[in-house]
Every structure is written in structure tokens, then in C-alpha cells.
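Student: Residues per chain, in single letters:
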Amino acid sequence: MRISKAFKLGLVAASFAAVAATAQAQTVKVGVVLPYSGVGAEFAQQVDRGMQVFMKLNPNAFGPYKVELIKRDSKNPSGAEAKTAVQELITQEKVDILTGFIYSPDAIASASLFTEAKKPAVIMNAGTAWITNLSPMIARVSFSMWHAGHAMGEASVKNLKAKTAVVGYSDFPPGRDSLDAFKRAFEANGGKVIDAIPMGGPGQVPDFTPFFQRAKDRKPDVFFVFVPSGDHAVAVMKTYNALGMRQAGIKLVGPGDLTPDYKLQGMGDDAVGLITAHHYNADLDNAHNKRFVETWKKDYGANATPDFMAVQGYDGMAAIAHAVVAMKGRMDPEGTMNALKGWKFDSPRGPISIDPATRDIVMNEYLSEVVKQGGRLVQKNIGVITAVKDMCKELKEGKCK
Amino acid sequence: MDAPHTAAGQLARRHRFQWWELLPWIAAIAAFFAFPTYLAFGTQLLIVILFALSLDLVLGYAGIVTLGHAAFFGAGAYTVGMLASQLGWNEPLSGLLAAAAVAGLIGFVSGLVLLRTHGLTLLMLTLCTMALLEQAANMGAHWTGGFDGIPGLSFDKILGLFSFDVLYFRSQYLYVLAVLLLCFVAVRMLVYSSFGQSLTGVRENLLRMHAVGAPVRARLVAVYTISAALAGVAGGLFTQATGYVNLSVLGLERAAGVMIILILGGYGRLYGAFVGAVAYMVLEHMLAKAYPTAWQLGIGVTLILVALYARNGIIGIGEALLRRLRGGGQA
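From first to last, the protein sequence lines are chains A and B.
The numbering of the first sequence is our numbering, which starts it at 32 and goes up by one.
The numbering of the second sequence is our numbering, which starts it at 4 and goes up by one.
No wet-lab data here; the hints were simulated from the structure.
Errors might be hidden in some of the hints.
As the list claims (entries may be wrong) - Cut-off 25 Å, straight-line C-alpha distance, at most; resulting in silico cross-link-like pairs (DMTMM-like, lysine to aspartate or glutamate):
#1 250/A / 238/A
#2 102/A / 256/B
#3 420/A / 365/A
#4 282/A / 300/A
#5 292/B / 124/A
#6 292/B / 119/A
#7 160/B / 147/A
#8 87/A / 300/A
#9 420/A / 386/A
#10 149/A / 159/B
#11 292/B / 218/A
#12 149/A / 168/B
#13 282/A / 365/A
#14 102/A / 159/B
With the sequences and hints as input, model every part of the structure.
Tutor: Given below as C-alpha cells:
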């Protein structure tokens, strides 16, 4: 009698366990393609940590489903390496969804694979505007170069009362896109771009002096600069101050690539007064961001700071979590893309959503000024443009048609 | 007739096909069946072998020290890419011929100027030629796509029969393998011809070649042109197989990478390109898969070991072992 009762209890427990096991067995495989080696490793680390922080702060975001991350190095931005990595993730690891992609060529080269294999891809950086047009399987949680460039053009006229501008840019697609976006918005609001100066490539940091001297000679109200986030930005600050452009009354403005959060303190007083438009900085004042930065500093050291790429990794995981739960762990491609379209999220960078028409991100652009507070450089919020779409596709510019 | 002199006999026999020369091709076919999900990687590997083989002609056989060989790889890659994107010329085989012609022409013209110099000057000039082409491709972004490249290229069926396999790369692998085989046979005939012998002569003793009245510079320009055309074919295959091309095809990273591969395998030896590419790329691929952030350490240590203990590359190790075995037999 006793034995049979215990036996029955055991059976019940076992069947519960079995139900729980089938729910748990639903594992979603996520292929992560990032440049873990080489010059891009710094960016990959930001994105990778952003993803980790999301998993840590939101352990229940995936519901009862398990997520397995399979990481691959996309090495150099030739496109071919990333494409091989994506191909093997699809054919060997049978991933359900792909994510990562720092460099635009990596996403561009892989787009035909997403379409052919019907695998949804959540782009966590790659900023060339027309990437989302390449495949119906692409959704982007990062930005297009037009987001910040266009916002800065508008704000330069409306907030900074500028009438003339000179643009200096690194001569590769993100630079040219920034030039086009800034110029379009600046001139649409009544300003005039009086010179555009290509300033070398993204590969190595050039001596900016001749370019900046040419800009200074034109005496514009604002000098809009796009250079790759990182060491280029530090050199820009130094040259701007060395040539006394601030004293000449020329305001230095640009997208947030000029103020990478993890390099800001190292720029010193040179950076004070710099005005940028961007979708994120670590000093944004909201509860979600406070928790995000706090966790980051606790895990990676007091001197570590998340930047915009980190928050893109964070939001990318949030988007994937949403899709996994919506699809109940069975990642049918069309269903997954439908779940991603129109997805809304309260991110550390404020409210964001995926535009159902373009599968690109809609988010706030923050205008901020670098100020010194208590011996630290801080980005002070001086304005915001809400719910900004990718203006390249909105205006149907060039390749974005 | 008496038994021929051993040295003369060896010279007469050296260009005959040996049975073991079939092995790499059998291995390549076996890999096609054994690793069906690795063929994207395999295709890239075969393309690098062809590229390294073209470098071996100039560096290994003719002794022309160049660090700018990606100029021709890139010229071929862009020729195929731009023909397809600008003119809608998507036929793969004629695309390869055009790639060979354009890259060969650039090789011929630049060779006429560059090959008047040698040593470090030559090295710098080859590097400059490549940098000029890279900058031209960047400035002509309207046609080349620049850093973002030319997206979404697709090509007609190979010979009108086999369409490109977007997901599994099966047809690309066999196509590239067939082209590699044709090019290899051509290179093999070339290096064992009297032309090839005269190149080795130039490499080993320039003064003596001048003294015997050999047209040294004409020979060098000729081999430089042929090598450029082969590199152009490799570049064309790269664009066709990847369906994409961007500035990286003209970069120093690619030029230096193929040189490392050739030296690792053993230069001036027909199979050095094969051994080097397989050893380097398989090691890199597998390490990068297992340790995405730390794989370069493994590659670095391997290269240091080879540089320290195997000056003649991996094939050199094999040769030394064979010599020792034979020497042991005689003793």
C-alpha cells in the first residue's frame, strides 16, 4: 500500500518533470558574428558585453526557453569571412537566428544567405542605410548613418543658430553618408554647407592639421566632423584645440562617434564644449540606463563604460528574446520577422521600436554638450528629437530607393 | 645504349607526372563528399591556393620580391564585379578571361616600369602600385562601391549547366577546383620549360644570365604578366564565389597573407602553395571556430616555430626527412 502510494507520487513527479523537461528542451540557437580579433575586437567586446548584461539583468526574458549563443569571428571586413561564418552557422550549427555584424560589408555580403536560407538576422551595428533593403530577413536595432547626421543638421540650425557649415569626413561610406545626411537637413532648414573636406581613410589616423586649417580659413559657424569612433576622435579634439578653432568662433559638432564613452575621460579638457547628436551616451538620465551602466561597472571594472555599441548589443538580445517568446521557441522565419516588426522596447537609450515598413530602428536622437562636472567629463543633454526614422529611406535618397 | 648518366636521367625525368601528384586532387574530391557543409570555406581555400601559386611563379621561381600581388587579385575581382554590376555581363567563364586580361595588362604595364629595379626598391614600388589601385577603387566608389562593396552579385550558370549554389557552395567548389587544375597544369608546364629554367637562372645568378646573353628583363616582364593574369583569375573566382567584392581585395592584409602562406608551404616548389594554404587556413579556421577571441595566438606560435626551425617551409621539412631516410639507406 505504502509502496504503491509512493510509487504513484513518484509517477506524478516524474510526469511533471517530463513536462518541464520538454519545455526546457526547446533551445533556440543564436549565431553571433562579430570581429572578435583584429582592429574590430574593441567593438566586438562592447557588443558582446552588452548582450551579456541583458541576459544577466533579464534572466526571465526568454520565458521557459533556453538560448544558446554560438559565436564566430568575422575577422577582417572583407565580407567573405563573415559570409563563410554565417554559412557554417546555418548549415553546421542549424542556428535559428543570426545576430552581430559590426562592419557593413559583413552584413551586405551575408544578406543573400539570409534570404536563401530564410534565417532572420538582427543587425547590431552595421550602419550603411540601405542594408535593410537587401533582404526581407533583416531587422536592425542599431542605427543608420542618417540618424545622427540628419539630426545634427537640423539641430545646428534650430538649436545652435548656425548659418554656414564646413563638413570634414573620413572618406569611406559612413563618412559620405554623414556628409549627405547633414547637408540635406542643414540646407533644408535654411543653412548652407560652404565646403566638404575628405580627410583620409578609416584605416589609420591621419594628421588632421591641413584639413582643419582649410576649414578654419572658411570661417563657418559650425564644423561638422565624422570620423570612426575611437583613436580618430581623440586626434580630432587635439587638432581642433591646437589650431585655436574654438577661439575663432567655430563650433565643433558631429555624430556621437566623436565622443566614444569609453574614451571620453582620456580626451581631457580638449573635449569640453563639443556638441554631438547621437542615440546613446552613458550619461543619459533614465532609470533603465542607470541600472545598465551600474551593472556594467560592477562586472567589468569602475573605469569601464558602455558605449552606443554596447546598448545595441543589449537591445539586440531584447529583440531576440521578444521574438523567442512570441514564437514559443519555434522560430518559423516569417513569424519571427512579423514578431520583430513593430516591436517596442524601453531601452537604456529611451523608447525604441522597429519600423514595420522598413524593419529599421526608430529612436530618439539626443543633442549633448561635453561639460566638466566634479573633475569628470560628462555629456549634458541639451535637446532631443524624438522617434527619428532612417531619413535616407524616408527621403528615398540615392541607393535607399 | 648504355644506361644514361644519372644527372641527365634525373633532368629528363623530373617533368614527368608522378603517381603521387594525383593525391591532392583525389583529396580535394574526397573532401567534397566528406565535408558537405565546409564547402564555402573549401572554395575560399582553393582560391587562395591559386593566388599563392601565381605568387610562387614570380617570388619562388623568378625571385621577384613583391608585396603588392593583391593588386592583380583585386584587379581581377573588380573586373568581374563591375562587368556584372555595370554592364550586366554575368557569364562566369568569359568574366574570368576578362579578369585575366585586365590583371595581365596591369601586370605588363607596371612590370615594364617596376622590373627595372630590384630588392627593397622593387618591394616598395609593388606596394605603392597596390596602394594606388586601392585608392583609385575608393575614389571611384560610384562604380566600385568602395568600402561597402558591390552587393548582391549573381552569375549565370557555369557552362550553361550548373547554377551557383548560394547556401552550400557545391557548384562553386567544383568550378574553382576545375579552374585551379587547368591553371596548375599550365604553371607546371611553364616552370619545367626552358623558359622556366631561364627564370631560375635569373634568380640564382643574374650576372651570368646577362653574360650568356639571355633577355633577362623581357623574361621577367613576361613571367610577371603571366603571374598577374593568374592572380586576376583567382580574384575573379573570389568575386563569383562570394557574390560580393569590396576594397579588401586590394589590401596589404591579403598581399601579406598570401606571402606568409607561400613561405609556410615552401616557395619555389610547385606544391608549396597547396601545402601552405591547407596548413594555414585549416589551422586558422578550426582555431577561430573553437576560440573566436584567442585563435591568433595559436597561429602566431606556429609561424614562429616554422620560421625558427623550418626555413624552407613545410615541404622543406618533408624534403629533409626524405634525404635523411635515403642517406640512411645508403650508409
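Student: Does each hint fit the structure? Answer for all of them.
Tutor: Hint by hint, here is what the structure shows:
| no. | hint | in the structure |
| --- | --- | --- |
| 1 | 250/A / 238/A | holds (21 Å) |
| 2 | 102/A / 256/B | holds (24 Å) |
| 3 | 420/A / 365/A | holds (23 Å) |
| 4 | 282/A / 300/A | holds (15 Å) |
| 5 | 292/B / 124/A | holds (12 Å) |
| 6 | 292/B / 119/A | holds (10 Å) |
| 7 | 160/B / 147/A | holds (17 Å) |
| 8 | 87/A / 300/A | violated (35 Å) |
| 9 | 420/A / 386/A | holds (8 Å) |
| 10 | 149/A / 159/B | holds (22 Å) |
| 11 | 292/B / 218/A | violated (49 Å) |
| 12 | 149/A / 168/B | holds (15 Å) |
| 13 | 282/A / 365/A | violated (48 Å) |
| 14 | 102/A / 159/B | violated (34 Å) |
Violated hints, in rising order: 8, 11, 13, 14; the structure is consistent with all others.
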